[in-house]
Amino acid sequence: MMKKLIWVIAIVCTACIVHAQDPASWTFTAKKIDAKTFEINLSATLDDDWHLYSQTTPDGGPVPTSVSFAKNPLLVLEGKVKEVGTMEKHFEKLFGVQVFQYSEKVDFVQTVKLKANAKTNISGTVEFMLCNDEMCLPPKKVPFNISLK
Amino acid sequence: MNFTQNDTLGNAVSLASFKGKYVLLDFWASWCGPCRAENPNVVKAYNKYKDKGFTILSVSLDQPGKHQAWMDAIHKDGLTWTHVSDLKFWDNEVAKQYGIRAIPQNFLIDPEGKIIAKDLRGDELTKTLSELFPN
Numbered sequence: 000m001m002k003k004l005i006w007v008i009a010i011v012c013t014a015c016i017v018h019a020q021d022p023a024s025w026t027f028t029a030k031k032i033d034a035k036t037f038e039i040n041l042s043a044t045l046d047d048d049w050h051l052y053s054q055t056t057p058d059g060g061p062v063p064t065s066v067s068f069a070k071n072p073l074l075v076l077e078g079k080v081k082e083v084g085t086m087e088k089h090f091e092k093l094f095g096v097q098v099f100q101y102s103e104k105v106d107f108v109q110t111v112k113l114k115a116n117a118k119t120n121i122s123g124t125v126e127f128m129l130c131n132d133e134m135c136l137p138p139k140k141v142p143f144n145i146s147l148k
Numbered sequence: 000m001n002f003t004q005n006d007t008l009g010n011a012v013s014l015a016s017f018k019g020k021y022v023l024l025d026f027w028a029s030w031c032g033p034c035r036a037e038n039p040n041v042v043k044a045y046n047k048y049k050d051k052g053f054t055i056l057s058v059s060l061d062q063p064g065k066h067q068a069w070m071d072a073i074h075k076d077g078l079t080w081t082h083v084s085d086l087k088f089w090d091n092e093v094a095k096q097y098g099i100r101a102i103p104q105n106f107l108i109d110p111e112g113k114i115i116a117k118d119l120r121g122d123e124l125t126k127t128l129s130e131l132f133p134n
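Chains A and B are the protein sequences, given in the same order.
The first sequence runs 0 to 148 under numbering that gives the first Met the number 0.
The second sequence runs 0 to 134 under numbering that gives the first Met the number 0.
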């Protein structure tokens with residue numbers, strides 16, 4: 000009986016550890032530029048040795064990060080999502096392709112304009128894959144909802 | 000846990016058909032840097048023990064439409080054993096069955112079909128095999 004209980008605890012705790020394995024944390028903010036313009040900042044902070052990949056990392060390597068915004072008739076997206084951080088470009092001999100990656104911290108920045116003076120939110124998801132030297136994790140989708148005021 | 004998935008030529012391969020041998024069930028993908036970096040170790044182990052009752056069955060988490068990338072990686076890394084995939088990326092049915100949440104990942108299965116070790120990386124693989132095949 001006791002043995003069984005110890006096993007149950009062991010299994011449950013293994014599940015906790017696996018669940019807690021999340022080497023990226025995100026913060027989502029908006030900065031007001033002028034009355035109708037905002038800068039949306041999706042900011043990733045990575046644990047040591049983990050990498051997240053640029054939206055522009057070439058095909059054939061790890062999965063690029065992608066950002067999608069929910070349709071909002073009150074908003075216009077200005078240009079594309081910019082990446083602010085230190086992009087590391089290296090030629091991956093094993094794949095024969097260039098890999099564009101970030102370590103430690105990267106911000107995905109989108110400028111949005113309000114069509115009229117109104118309070119609204121911008122929502123969407125950011126999807127990304129993480130690898131370190133030991134392993135790659137499945138892509139993850141993280142939703143965001145940022146109020147513009 | 001038995002499964003059947005297609006090899007690179009589209010022929011169905013089942014894990015059960017490897018009964019009687021020690022099998023390394025290896026999960027990887029052509030796009031996965033750490034997996035590719037691990038491959039030389041796996042090749043070394045395969046070459047050393049392939050005639051002693053050991054073999055490898057690799058399951059690839061390559062993406063839909065990436066058959067060529069999968070093939071290219073097999074050839075480039077010299078992985079001369081059996082390979083299967085459904086090209087469904089992380090939704091690979093076998094990966095789901097084995098609860099794979101990170102790659103590379105492997106399981107060593109004994110001749111009766113029982114998992115006797117997992118996640119043998121680097122020297123651990125050759126060390127474990129050298130204990131199973133002392134001569």
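Derived from the structure by calculation, the hints contain no laboratory data.
Predicted, not measured: the structure shown is a model, and the values here were computed from it.
Note that CB positions come from ideal geometry on N, CA and C, so glycine has one too.
Some clues are possibly wrong.
[Unchecked claim] No farther apart than 20 Å at their CA atoms in a straight line, the calculated lysine-lysine pairs in the PhoX-like style are these:
#: 1; chain 1: A; residue 1: Lys-92; chain 2: B; residue 2: Lys-113
#: 2; chain 1: A; residue 1: Lys-79; chain 2: A; residue 2: Lys-114
#: 3; chain 1: B; residue 1: Lys-18; chain 2: B; residue 2: Lys-65
#: 4; chain 1: A; residue 1: Lys-139; chain 2: B; residue 2: Lys-87
#: 5; chain 1: B; residue 1: Lys-87; chain 2: B; residue 2: Lys-20
#: 6; chain 1: A; residue 1: Lys-31; chain 2: A; residue 2: Lys-148
#: 7; chain 1: A; residue 1: Lys-139; chain 2: A; residue 2: Lys-30
#: 8; chain 1: A; residue 1: Lys-70; chain 2: A; residue 2: Lys-140
#: 9; chain 1: B; residue 1: Lys-49; chain 2: B; residue 2: Lys-95
#: 10; chain 1: A; residue 1: Lys-148; chain 2: A; residue 2: Lys-104
#: 11; chain 1: B; residue 1: Lys-51; chain 2: B; residue 2: Lys-113
#: 12; chain 1: B; residue 1: Lys-126; chain 2: B; residue 2: Lys-95
#: 13; chain 1: B; residue 1: Lys-87; chain 2: A; residue 2: Lys-140
#: 14; chain 1: A; residue 1: Lys-140; chain 2: B; residue 2: Lys-95
#: 15; chain 1: A; residue 1: Lys-139; chain 2: B; residue 2: Lys-20
#: 16; chain 1: B; residue 1: Lys-18; chain 2: A; residue 2: Lys-92
#: 17; chain 1: A; residue 1: Lys-118; chain 2: A; residue 2: Lys-81
#: 18; chain 1: A; residue 1: Lys-35; chain 2: A; residue 2: Lys-79
[Unchecked claim] Only part of the chain B face toward chain A is listed, based on derived beta-carbon distances under 7 Å:
#: 19; residue: Tyr-97
#: 20; residue: Gly-98
#: 21; residue: Gly-112
We went through each hint and held it up to the structure:
no., hint, result
1, Lys-92/A - Lys-113/B, "violated, 36 Å"
2, Lys-79/A - Lys-114/A, "holds, 18 Å"
3, Lys-18/B - Lys-65/B, "violated, 30 Å"
4, Lys-139/A - Lys-87/B, "holds, 16 Å"
5, Lys-87/B - Lys-20/B, "violated, 28 Å"
6, Lys-31/A - Lys-148/A, "holds, 7 Å"
7, Lys-139/A - Lys-30/A, "violated, 26 Å"
8, Lys-70/A - Lys-140/A, "holds, 18 Å"
9, Lys-49/B - Lys-95/B, "violated, 28 Å"
10, Lys-148/A - Lys-104/A, "violated, 26 Å"
11, Lys-51/B - Lys-113/B, "holds, 18 Å"
12, Lys-126/B - Lys-95/B, "violated, 28 Å"
13, Lys-87/B - Lys-140/A, "holds, 17 Å"
14, Lys-140/A - Lys-95/B, "holds, 18 Å"
15, Lys-139/A - Lys-20/B, "violated, 37 Å"
16, Lys-18/B - Lys-92/A, "violated, 36 Å"
17, Lys-118/A - Lys-81/A, "violated, 24 Å"
18, Lys-35/A - Lys-79/A, "holds, 18 Å"
19, Tyr-97, "violated, 14 Å"
20, Gly-98, "violated, 9 Å"
21, Gly-112, "violated, 22 Å"
Taken one by one, the earlier hints fail for this structure at numbers 1, 3, 5, 7, 9, 10, 12, 15, 16, 17, 19, 20 and 21, listed in ascending order.
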